[in-house]
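**Student:** Read off the chains here:
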Amino acid sequence: MISSLPPGFIMVLGALLVPFLPHIIRQVYMMILILISSYSLTLGFGIHSIINVMDYEFILFQSDALTLPFAIIFHIAAALNVIYGAHEKHWKQHVSIISYSGAAIAAIHAGDLLTLFVWWEATAFTSVFLILAGNSTRSYKSAIRYIIIQVISGMFLLAGAVILLLNDGNVLLTKFDINTLHGQLIFIAFGIKAAFPLLNGWLQDAYPEASEIGTVALSTFTTKLAIFCFAKCFAGTEILIAIGAIMTFYPIFFAVIENDLRRVLTYSLNNQLGFMIVAIGIGTELAINGAVAHAFAHILYKGLLFMGMGAVLYRAGTCKASELGGLYKYMPITAVCTIIGAISISAFPLFSGFVAKSLIMSALGKEGLVLVYFMLLFASAGVLHHSGIKIPFFAFFAHESGIKTKEAPKNMIVAMIIASALCIMIGIFPATFYQILPYEIIFEPYDFSHVVGQLQLLTFAAFAFICLWHFKIYPPELNSTVLNSDWIYRKMLPGVLLPLLKLINKGNQKLENKINTTFLKLKLFFYNYMLNNKVFDRDSGPDTLIVIQIFTVFLVIILTQVYFF
Amino acid sequence: MIKLLFQKFGKINTSVLFLCILFSVLELVGHRHGETSIEDFPFFPAFFGFISCIVIFKLGVSLRAFLMKDEDYYDK
Numbered sequence: 074m075i076s077s078l079p080p081g082f083i084m085v086l087g088a089l090l091v092p093f094l095p096h097i098i099r100q101v102y103m104m105i106l107i108l109i110s111s112y113s114l115t116l117g118f119g120i121h122s123i124i125n126v127m128d129y130e131f132i133l134f135q136s137d138a139l140t141l142p143f144a145i146i147f148h149i150a151a152a153l154n155v156i157y158g159a160h161e162k163h164w165k166q167h168v169s170i171i172s173y174s175g176a177a178i179a180a181i182h183a184g185d186l187l188t189l190f191v192w193w194e195a196t197a198f199t200s201v202f203l204i205l206a207g208n209s210t211r212s213y214k215s216a217i218r219y220i221i222i223q224v225i226s227g228m229f230l231l232a233g234a235v236i237l238l239l240n241d242g243n244v245l246l247t248k249f250d251i252n253t254l255h256g257q258l259i260f261i262a263f264g265i266k267a268a269f270p271l272l273n274g275w276l277q278d279a280y281p282e283a284s285e286i287g288t289v290a291l292s293t294f295t296t297k298l299a300i301f302c303f304a305k306c307f308a309g310t311e312i313l314i315a316i317g318a319i320m321t322f323y324p325i326f327f328a329v330i331e332n333d334l335r336r337v338l339t340y341s342l343n344n345q346l347g348f349m350i351v352a353i354g355i356g357t358e359l360a361i362n363g364a365v366a367h368a369f370a371h372i373l374y375k376g377l378l379f380m381g382m383g384a385v386l387y388r389a390g391t392c393k394a395s396e397l398g399g400l401y402k403y404m405p406i407t408a409v410c411t412i413i414g415a416i417s418i419s420a421f422p423l424f425s426g427f428v429a430k431s432l433i434m435s436a437l438g439k440e441g442l443v444l445v446y447f448m449l450l451f452a453s454a455g456v457l458h459h460s461g462i463k464i465p466f467f468a469f470f471a472h473e474s475g476i477k478t479k480e481a482p483k484n485m486i487v488a489m490i491i492a493s494a495l496c497i498m499i500g501i502f503p504a505t506f507y508q509i510l511p512y513e514i515i516f517e518p519y520d521f522s523h524v525v526g527q528l529q530l531l532t533f534a535a536f537a538f539i540c541l542w543h544f545k546i547y548p549p550e551l552n553s554t555v556l557n558s559d560w561i562y563r564k565m566l567p568g569v570l571l572p573l574l575k576l577i578n579k580g581n582q583k584l585e586n587k588i589n590t591t592f593l594k595l596k597l598f599f600y601n602y603m604l605n606n607k608v609f610d611r612d613s614g615p616d617t618l619i620v621i622q623i624f625t626v627f628l629v630i631i632l633t634q635v636y637f638f
Numbered sequence: 002m003i004k005l006l007f008q009k010f011g012k013i014n015t016s017v018l019f020l021c022i023l024f025s026v027l028e029l030v031g032h033r034h035g036e037t038s039i040e041d042f043p044f045f046p047a048f049f050g051f052i053s054c055i056v057i058f059k060l061g062v063s064l065r066a067f068l069m070k071d072e073d074y075y076d077k
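Residue numbers (my numbering), protein chains in the order written: chain A, 74 to 638; chain B, 2 to 77.
In isolation and in its complexed conformation, chain A is listed as follows (with noise of 0.2 Å):
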C-alpha cells in the first residue's frame, strides 16, 4: 500500500490529523510521517504507481537518478523543520510545514505534468499559511501577493500542459524545447518560482514576512523545487547561463544595503539559485552534477542561517540589523551555528559550500565560459560578504544594541547543532556526499590549487570588509525599505493604472448619461406619438387600420412559411 504511494503523500494526508493531537505526540507523530514517507525512496528506480482518470494516465511516482538527491534532502529538511518548530504550541503552522513538505516531496516524484501541477498548486496554498503566520498586516498582504503569484505561475505550467496535451497527446515531464510555445510557458512557470530576474519580487516580499519557523520551511522547498524542474526539464538550454549569471550577480547589491537580515538571505537565497540555473544551463554530467550539490548544500547552511536569524527574531523581536548587535553573549550557540552556516555559504574549504561550488566552477572552467566564470567569482566574494560577514556580525557582534535576552529554545538549537553538522560532514566526506548525485564522476576538490585560490579569495575579501569597517567607511544600517522588482506591481502599475481606471470610469458614466438622456428622449417621443395619435384607444381610427394592416401582413408571411416550406 505504502510503496504504492508517491513519498509525501502521506505527509499531505497525515497532516490532517495534526491538529487532534496534543502539543508534543505531534511532534513525534509527524517525525513517524516523515519516516514512513522516506520509505519509498528505498524502491529504487522506476515508475512505481500510476492512476488512471478519464482515460488518462497521471505518474503518481516516479523516480531516477535525480530525483534521489531531492528526495533525500527534502526529507532531511522536513524533519529538522519539525524539529525547529517543536517550541510552537499551537497546531497551524505545523499542518501547514508537514503538508507543504509532503507536496514539495511528492511533487518531484511526478511523472507528468499535469500531476505536477496538482503538487505545484499545493506548495502554495500549503505554505501561504507559513507568511499569514507572520501574524500582522504586512504579512497578510503580502501572503495574498505570494498565492496569487504562485498561482499565476500555476497557470503558466497548466497552459504549458495542455497546449502539450493537444499536440503530442501525452505530458510527460521530459526535456522540453524552448523555442516551442509550450517549451516557453512551462519555462516560465518554473522560472517564477525559481525567482528569475524581474521575476523574483515575491521572494524578497513574503519570506520575511513568515514566522521565524515558516521561513526556513519557505526557504527549502519552493524554490528547490523549481530548480529540480529545470534540472529535468531544461538542463543544457543556454539561456538559463546568462539568466542564472544576472541572478548571482545583481542580488549582491540589494543585499548589501538591506537592513532586515532575513532580507538578506533572501537576496542571498536568490544569489544562490543563480549558481544552480548557470549549472543547469550548461547542462554536461559535471555541471549537473554542481547544480544538485549545490542545491543539497545550499538547503542545509540557508536553512542554518535562517534557523539562526529566526532564533534572534523569536528572542530579540526583530531582525534589524540597525537594532541588533552584540547578542554574541546571550546567544553563544545560535551565533557559533549560524557563523558555521556563513561559513559554509562562504564556501570556505572543510564546509559544504566549497564541495558543492566547486563543481559548478570547474564545468564552467571545463566548457570555456570565463565572462561567466568571473561573474560567478565576483558573486563569491559578494556572498562571503552580505552572508558570510554582514549576517552574522550585525546580529551578534557590531555594535552593543542594550538587547538583553536567552539563549535561542532547545529544540531550535538541536535542529541548528544538526544542520551544522551535516554542513561540516560534507565538507569533511565529500567522496560519500558525491556518491548521490545523478551522474558518476570523479572529482577531487580538494587540490593545492583550488583550497589556496579559495582561501585567497575568501579572507582578502573578509580583510577588505574589516577595512571598510575599522577606518569607519562602512556607513551605518538604517530602517529603510529597498525596492525590488515587486515594485513594479505594487507601485508602478497602481500609480499608471489606478488614475487610468479613473479617466476611463468618468469617461463611462458621461457616456452612460449621454445614453440614459437619449433613451428618455426617445420614449417620450414614442409615447407622445401614441398618445396624440389614439393608438391605445378603443375607437378604431386610422392608425388602428394601420396596426391591423401590419399583423395582416405578419400572418400572412407566416402562414406562408408553415404551408410552403
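Any given hint might turn out to be false.
[Said to hold, decoys possible] 30 Å max Cα-Cα, derived BS3-like pairs, lysine-lysine:
#1 A:K575 to B:K77
#2 A:K483 to A:K165
#3 B:K59 to A:K545
#4 B:K70 to B:K59
#5 B:K12 to A:K479
#6 B:K9 to A:K545
#7 B:K77 to A:K214
I should point out that these hints are in silico values taken from the structure, not numbers from a laboratory.
Using the hints, position chain B against chain A.
**Tutor:** Positioned in the frame of chain A, the structure of chain B alone reads:
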C-alpha cells in the same frame, strides 16, 4: 609590534590579516593554477577578492540613493 597591532586593530582583525599573509605565502610554496589562464597570475585570487569586496560595497552604497526608501514606503 604584533601586540600594538592587536591593540590598535583588534584581535580578530589582526588574525585575519595574518591569515591573508599565510595564504599568500602558501602560493609561493606550491604551484597554484586556476580554471582560466588569467587566474595563473600571481596572487590573482587575493587581488580579485579584495577589489570585488570594495566594488560591491561602493556600488551597493551608491545604489542607496536610488533604491532606499522610507520604511513605510509601501504602507503610505
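**Student:** Would the hint linking K483 (chain A) and K165 (chain A) be met if the CA-CA limit is 30 Å?
**Tutor:** Given that 30 Å is the threshold and the Cα spacing comes to 21 Å, the pair holds.
**Student:** Does the alpha-carbon distance linking K77 (chain B) and K214 (chain A) stay inside the 30 Å limit?
**Tutor:** holds (14 Å)
**Student:** Holds or violated: K575 (chain A) and K77 (chain B), Cα atoms, limit 30 Å.
**Tutor:** At roughly 20 Å apart (the allowed maximum being 30 Å), K77 (chain B) and K575 (chain A) satisfy the hint.
**Student:** K12 (chain B) and K479 (chain A) were given as a pair; does the straight-line alpha-carbon distance stay at or below 30 Å?
**Tutor:** holds (27 Å)
**Student:** K9 (chain B) and K545 (chain A) were given as a pair; does the straight-line alpha-carbon distance stay at or below 30 Å?
**Tutor:** With a Cα-Cα distance of about 14 Å, the restraint between K9 (chain B) and K545 (chain A) holds, given a limit of 30 Å.
**Student:** Measure nothing beyond the straight line between the CA atoms of K70 (chain B) and K59 (chain B); if it is 30 Å or shorter, mark the hint as holding.
**Tutor:** holds (19 Å)
**Student:** Tell me if the straight-line CA distance from K59 (chain B) to K545 (chain A) falls inside 30 Å.
**Tutor:** OK: K59 (chain B) and K545 (chain A) at ~14 Å, within 30 Å.
In summary, this structure violates none of the numbered hints.
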